[in-house]
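Chains as they are written, first to last, in the working numbering: chain A, 1 to 393; chain B, 1001 to 1393; chain C, 2001 to 2393; chain D, 3001 to 3393.
Don't take every hint at face value.
[To be verified] A few chain B positions that, by computed beta-carbon distances, are all more than 12 Å from chain A: (1) A1003; (2) F1024; (3) D1092; (4) V1103; (5) G1144; (6) T1184; (7) E1219; (8) R1258; (9) G1267; (10) S1373.
[Said to hold, decoys possible] Pairs of lysine-lysine residues, derived as DSBU-like cross-links and limited to a Cα-Cα distance of at most 30 Å, are as follows: (11) A:K105 / D:K3025; (12) C:K2105 / B:K1025; (13) C:K2110 / C:K2096; (14) D:K3025 / A:K110; (15) C:K2025 / B:K1025; (16) C:K2110 / B:K1025.
[Stated by the list, open to error] Here are some chain A residues pointing at chain B (derived, C-beta under 10 Å): (17) T55; (18) F74; (19) L116; (20) A117; (21) D120; (22) Y140; (23) D185; (24) F254; (25) G266; (26) E270; (27) A326; (28) L335; (29) N338.
The hints are simulated quantities; they were obtained by calculation from the structure and are not laboratory data.
Glycine included, every Cβ here is placed at the ideal spot set by N, Cα and C.
Number of protein chains: 4
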Amino acid sequence: MTAQLDDLAIELPSWAFGNSGTRFKVFGTPGTPRTVEEKIADAATVHRFTGMAPTVALHIPWDRVDDYAALGAFAAEHGVALGTINSNTFQDDDYKFGSLTHVDKTVRQKAIDHHLACIDIMNQTGSRDLKIWLADGTNYPGQGDIRGRQDRLAESLAAIYQHVGDDQRMVLEYKFFEPAMYMTDVPDWGTSFVQVSALGERAKVCLDTGHHAPGTNIEFIVAQLLRLGKLGSFDFNSRFYADDDLIVGAADPFQLFRIMFEVIRGGGLEGRGERSDGEGGAGSDLALMLDQCHNVEAKIPGQIRSVLNVAEMTARALLVDTDALAAAQEAGDVLGANGILMDAFYTDVRPAVARWRTDRGLPADPMRAFAESGYQDAVSAERVGGTQSSWGA
Amino acid sequence: MTAQLDDLAIELPSWAFGNSGTRFKVFGTPGTPRTVEEKIADAATVHRFTGMAPTVALHIPWDRVDDYAALGAFAAEHGVALGTINSNTFQDDDYKFGSLTHVDKTVRQKAIDHHLACIDIMNQTGSRDLKIWLADGTNYPGQGDIRGRQDRLAESLAAIYQHVGDDQRMVLEYKFFEPAMYMTDVPDWGTSFVQVSALGERAKVCLDTGHHAPGTNIEFIVAQLLRLGKLGSFDFNSRFYADDDLIVGAADPFQLFRIMFEVIRGGGLEGRGERSDGEGGAGSDLALMLDQCHNVEAKIPGQIRSVLNVAEMTARALLVDTDALAAAQEAGDVLGANGILMDAFYTDVRPAVARWRTDRGLPADPMRAFAESGYQDAVSAERVGGTQSSWGA
Amino acid sequence: MTAQLDDLAIELPSWAFGNSGTRFKVFGTPGTPRTVEEKIADAATVHRFTGMAPTVALHIPWDRVDDYAALGAFAAEHGVALGTINSNTFQDDDYKFGSLTHVDKTVRQKAIDHHLACIDIMNQTGSRDLKIWLADGTNYPGQGDIRGRQDRLAESLAAIYQHVGDDQRMVLEYKFFEPAMYMTDVPDWGTSFVQVSALGERAKVCLDTGHHAPGTNIEFIVAQLLRLGKLGSFDFNSRFYADDDLIVGAADPFQLFRIMFEVIRGGGLEGRGERSDGEGGAGSDLALMLDQCHNVEAKIPGQIRSVLNVAEMTARALLVDTDALAAAQEAGDVLGANGILMDAFYTDVRPAVARWRTDRGLPADPMRAFAESGYQDAVSAERVGGTQSSWGA
Amino acid sequence: MTAQLDDLAIELPSWAFGNSGTRFKVFGTPGTPRTVEEKIADAATVHRFTGMAPTVALHIPWDRVDDYAALGAFAAEHGVALGTINSNTFQDDDYKFGSLTHVDKTVRQKAIDHHLACIDIMNQTGSRDLKIWLADGTNYPGQGDIRGRQDRLAESLAAIYQHVGDDQRMVLEYKFFEPAMYMTDVPDWGTSFVQVSALGERAKVCLDTGHHAPGTNIEFIVAQLLRLGKLGSFDFNSRFYADDDLIVGAADPFQLFRIMFEVIRGGGLEGRGERSDGEGGAGSDLALMLDQCHNVEAKIPGQIRSVLNVAEMTARALLVDTDALAAAQEAGDVLGANGILMDAFYTDVRPAVARWRTDRGLPADPMRAFAESGYQDAVSAERVGGTQSSWGA
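With the rest of the complex left out, here is chain A (with noise of 0.2 Å):
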């Protein structure tokens, strides 16, 4: 089982390690940093200790940077890489009231030009993928007209998927709801799909765990998506009311694990890096990636945990005797198979999954090792003065 752990990488973002929080409030605290590169540091710091976060995603324009081939090459030191470009067209003025679906010509033009400033972004990182979360929709019914601001959309994503490079993917998130109270333009995974699948092959459908109805069966829309070869990314977190963003696992573990095994059933953990054709889906490309707010609890051991939780649930539903799974769902012995998929989840993989680590010269136990690492007491001295990052910088 824990030979596929290999194959897992899960991004981080950089923006997890900045303060965040609700309309509320937003708590800083000490050791957030202040720059990319303190953030970067952070992530790769997550990295060192788990082993499977290789990669880091960044957030246009907060973490814009001047020579991001000097900006790749600090994160190469560090051990880490730089990931999937994320654009925001929610924190301008601007955008009050749309960005790729705005009435306004100009205003729609202003959004797709500052996402192929972020495809110019990928070129110079590397990045293979374009992440694009719109907080597009209206508040109140008549605010907007739903037809014609969905074929401005799809107009909109043609003009910039025609920039995506041939080894660039475009993933498409789509929320059910907030900011946006009555509508949001992409509000559930068919309209993902099909407004990416009107772009072309590379376009594809990114699942964020924390965007759906209450109820949502999330691993059914993994398994659907996957049989379509449209399942680009995972921006994982977890909720329970609304998009919460808490730690991955952390309010319904059983769902991750389901959640994986479909992953997993659907070939997304197979050969990962490179691009399988096979009749699986698009399985071999799917980026895993977590996104999430850490508003009370300590940042980097939030992205620990949250590294942890979904290898750990990946041991989990690879323990699962698949064979012995589809006997009892052909002999309808719903008990026998129901019983099979716990027995899985049920089996404490931490003992295995720590053996992996310490294999690879990795701690046994990365949040304690981290937490006597010093790491937090010396950027916390160190990360005085400046600003802290957070969501608006």
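Please build the complex by placing chains B, C and D on the supplied structure of chain A, with the hints as guidance.
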């Protein structure tokens, strides 16, 4: 505005006139039909009082008869026509673990054959639409292979679709949950869309207004599916919690208004009866059907009330000043745009809709007219003995 | 840890052994009991294999017999005792518009009398608890007077409560919705609490884990009701969507763990069987009951699996290092505190719980032991003819 | 009907005139107040155009001034009075892990002291109500001790309550979630009820219409709390998903109608301003307040629209023929009873409510009158420089 009400044609489900209930209890009531002919007579009564319900949908096997030509003639005599044929693969013991998705090819073939039998009935009744709602799904994680079930569904649907005539359509309904409690094989519009898109032009999505997750923006889905030319039909009803199957418009009249507004916006009310191929999408062949359960209220008045609710909300939606709305939307005037919509919603159209009726020789107040007609007393006296129709027969 | 498992006593519902289903279909299965005695025999079998299910709850009128003393003796012979008496005011035509809340005094009195008959049965069976779950509610706004119904409920409950013996209790169950689709008369714990508090010490709240709005934090309610000394009993089951009545722990094992943790925290597991009057609240007389529907899975193993799930999650909850947890909480160490909880949850307690069983002469693996026992084949062969038990009988 | 509109007095929140937004972005707008005086001037403008918004609620510390007597005089000059004082324990770093529930006694005392300072302000402003909404809660299971937090909450509230004057009240707001993502210390009406009932007569529940789980029947809670004499006040707003804080009535006008119907039914609109002690409950001192965020729409018209929505839905609710309704309810006439309610809801009361205004020298159309008044342009020109008010100040 009221001229366009001529385009409204609301199909009634035969089973709404039979008894229905919850898993806890089905209450019987005097006058409930015992036969399909009695159901059709009741449906025709709804049309006689409203002028907007010219067709009756049948459910096979509940409405199976030996001679469908005779049944059609019976309906015609009563002033209505036979409409959509609804298949049923959820009440046979063989379907305990699925029908079109079943692991066992024999069971799948049985389910496919049932649909071919339905198409055969359509050929006899002249029905245009075959509506497929599947109870297929699983109650426990692991019980079924999500991916495999989806593949088998595609295969089974293709086997059925090749028998759908050139003037016929297949519509595939989706449902969030129930009776399956963990995974439903067609849980959302995305899945229905993907499945019918793989089949061809004459396969479309059926949207039941009660089949969504809490909070889902249904009018968005209406707009999207009309945009894609894939909205085949509605199953109207309303809900507070789950698939409550209450009278359409009873739970949230404003939502019904917004839905009808998008239907009109998307061309779904234009030139009904003939095909349109304009940019507006599949509007003109959009079927509007009721699918409700009158568990505690009187059934015939329940259907009359439902038809009136759709008519009145359509009338309100037709009142929206779309030019002013577009101008307000362009101007970013949120409250202005919303106000234009609300102005239409808050207008009391009941007098105008009553006039539409009296102009056509129909009663001004169908609810009162029915109550005073003596029909209910007559059928209650007449329909004694036999077995009242319900979902089981 | 496992010593405290001795305090676990999970009551089984007689009706879980009969057929159940959805409004769409009830599937029958070979070997389903036809009589209350056969249900008790099945329940006793669950106890024989698990050692933790010493009592069986009855449902009146489904389990009505002429001689309850004889029934009690029958149960005793099989190694179990009769437990909670569940009333039923939802399957009689008179209760179409309510029972204890009905506008018609005659109907209310009939419903009250039914409960007095239940108390009479309790006096014969020696049952401690009368459990009241009401289907009362309305489907349409305006159908009933919310306030008046609440007042009548209070009056009816008071009429029943005065007959509850000194050693007996009344527990009032709440439910978010179903079968009522708009307004349920006891929809939440607040209402149940308010109603039972008006009665007296021996009236308590029954918490069914499937009877809440999506997203509800159930363990909070457990903690609150234990704090208030008003948590009388659990109806355990699990859900993905509505009141799915699946096997407890099947949908969200981590939630069951958190619930059991609060039960322990609130004293709900201490000195069971005797009354405690300590600060910990009503802990000691908390009843743990299953209330489930095995619609598609085998029923006896379904109950065994449920008992094991409660036992195993209790065992995990007992593992929590509460001193360390309190220290982490005091220190504001979010990840530390959460980690202590998760450490217990992720520990595989199954070997320890199996040892608890083998120490007591019970099978290590009750699921396998039952499967190998031949019991199912025996009853399937034996129970031929007659009418299989279900909710209706 | 319209005579009873004289009883309507809707309190405006000062903060609705400042900027607000989501965690993603707060948009500024020309003319936004920089000071509490400017907020009061805006609120007074709403009252000037509607005649129904005579008081302004303050939020401490956002609206802290040196001289509250002067502030009261300023308000009086503008034609309004100062109303409810809202405390704030969610924007200080000390409250990261709770305020009145915090494990650290020093923090709890600080939070208590803040409330005593609020009461001191009330003594100066003559405000009747202290409104407490707590952001207290936890994001991760295990982070806090649910039971201990509840006990500390009770203790802290008691410490505050003893300072609440004889003519003053404390109202405790509950909220389903946010900003806490796992457990909120006052998540439901039951908890608020339990906590305020432990304090005394002058402690009541505050019901924010956006603070419930999906699907919650809010009018039931209104009816229940009025029945118990414990409904102290409303925070009106509307929602599609979470605590969206949209304009009241914008998302579901029919729900607002049903709520106002229960307010009237429960005596909540009778003889406002004086205490009533009749059977009808705490009706007469029920406070109706708005609590909204105008993130993308104009703020003053947003408040005007809100006041009109409450007025118009109240007017519709007053139209219900309650005698006929009671008769239909008694007769079990589901559709008749529902029809009586809907008949009132569907009636266009806008002309009558406009007449109520013109009879009192107010504009027939307040939205248009405000737009034409030049007020917005004037303040936009005038209010240049300084810092626009928002939640932070």
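Status of each hint after checking the structure:
The non-interface label for A1003 of chain B is consistent with chain A: the shortest C-beta to C-beta separation is roughly 24 Å, beyond 12 Å. Distance check on F1024 of chain B: its Cβ is at least 22 Å (rounded) from any Cβ of chain A, clearing the 12 Å threshold; non-interface status holds. Non-interface status of D1092 of chain B relative to chain A is upheld: no Cβ of that chain comes within 12 Å, the nearest being about 15 Å off. The Cβ of V1103 of chain B sits about 5 Å from the closest Cβ of chain A, inside the 12 Å cut-off, so the non-interface label is violated.
A cut-off of 12 Å between C-beta atoms contradicts the statement that G1144 of chain B is not in contact with chain A; the least separation is 6 Å. Listed as a non-interface residue, T1184 of chain B fails to keep its Cβ farther than 12 Å from every Cβ of chain A; the least gap is roughly 8 Å. Residue-level check failed: E1219 of chain B sits 7 Å from the nearest beta carbon of chain A, not beyond 12 Å. With 12 Å as the threshold on Cβ separation, the claim that R1258 of chain B sits away from chain A is violated: the shortest Cβ distance comes to roughly 6 Å.
Once the 12 Å rule is applied to beta carbons, G1267 of chain B is inconsistent with being away from chain A; the minimum gap is 10 Å. With 12 Å as the threshold on Cβ separation, the claim that S1373 of chain B sits away from chain A holds: the shortest Cβ distance comes to roughly 38 Å. The hinted pair formed by K105 of chain A and K3025 of chain D meets the criterion: a straight-line CA distance of about 22 Å does not exceed 30 Å. Among the hinted pairs, K2105 of chain C with K1025 of chain B is consistent with the structure: their alpha-carbon atoms are about 22 Å apart, no more than 30 Å.
A threshold of 30 Å between alpha carbons decides the hint, and for K2110 of chain C with K2096 of chain C the separation of about 13 Å falls inside it, so the pair holds. Distance hint between K3025 of chain D and K110 of chain A is fulfilled; the C-alpha atoms sit about 18 Å from each other, no more than 30 Å. For the proposed pair K2025 of chain C and K1025 of chain B, the alpha carbon gap of about 13 Å is at most 30 Å, so the pair holds. A C-alpha spacing of about 18 Å is found between K2110 of chain C and K1025 of chain B, which places the hinted pair at or below 30 Å, so the restraint holds.
A least Cβ separation of about 28 Å between T55 of chain A and chain B goes past the 10 Å threshold, and the interface hint is therefore violated. Against a cut-off of 10 Å between C-beta atoms, the interface hint on F74 of chain A is violated, since the closest Cβ of chain B lies about 41 Å away. Interface hint status for L116 of chain A: violated, as the beta-carbon distance to the closest one in chain B is roughly 25 Å, over 10 Å. Residue-level restraint check for A117 of chain A is violated (minimum Cβ-Cβ distance to chain B is 25 Å; threshold 10 Å).
Interface restraint check: D120 of chain A against chain B, minimum CB-CB distance 30 Å, threshold 10 Å, status violated. Taking 10 Å as the C-beta cut-off, the interface hint given for Y140 of chain A holds, the closest approach to chain B being about 4 Å. A hinted interface residue such as D185 of chain A counts as satisfied when its beta carbon comes closer than 10 Å to some beta carbon of chain B; here the least separation is about 9 Å, so the hint holds. Taking 10 Å as the C-beta cut-off, the interface hint given for F254 of chain A holds, the closest approach to chain B being about 8 Å.
Because the beta carbon of G266 of chain A sits about 6 Å from the nearest beta carbon in chain B, less than 10 Å, this interface hint is met. The interface hint given for E270 of chain A is violated, since its Cβ lies 14 Å from the closest Cβ of chain B, which is over the 10 Å cut-off. For A326 of chain A, the suggested interface contact is upheld, since its CB lies about 7 Å from the closest CB of chain B, less than 10 Å. Given hint, L335 of chain A at the interface with chain B, holds; its Cβ is 8 Å from that chain's nearest Cβ, closer than 10 Å.
Look at N338 of chain A: its Cβ gets to within about 4 Å of chain B, closer than 10 Å, so that hint holds up.
Violated hints, listed in ascending order, are 4, 5, 6, 7, 8, 9, 17, 18, 19, 20, 21 and 26; each of the other numbered hints is respected by the structure.
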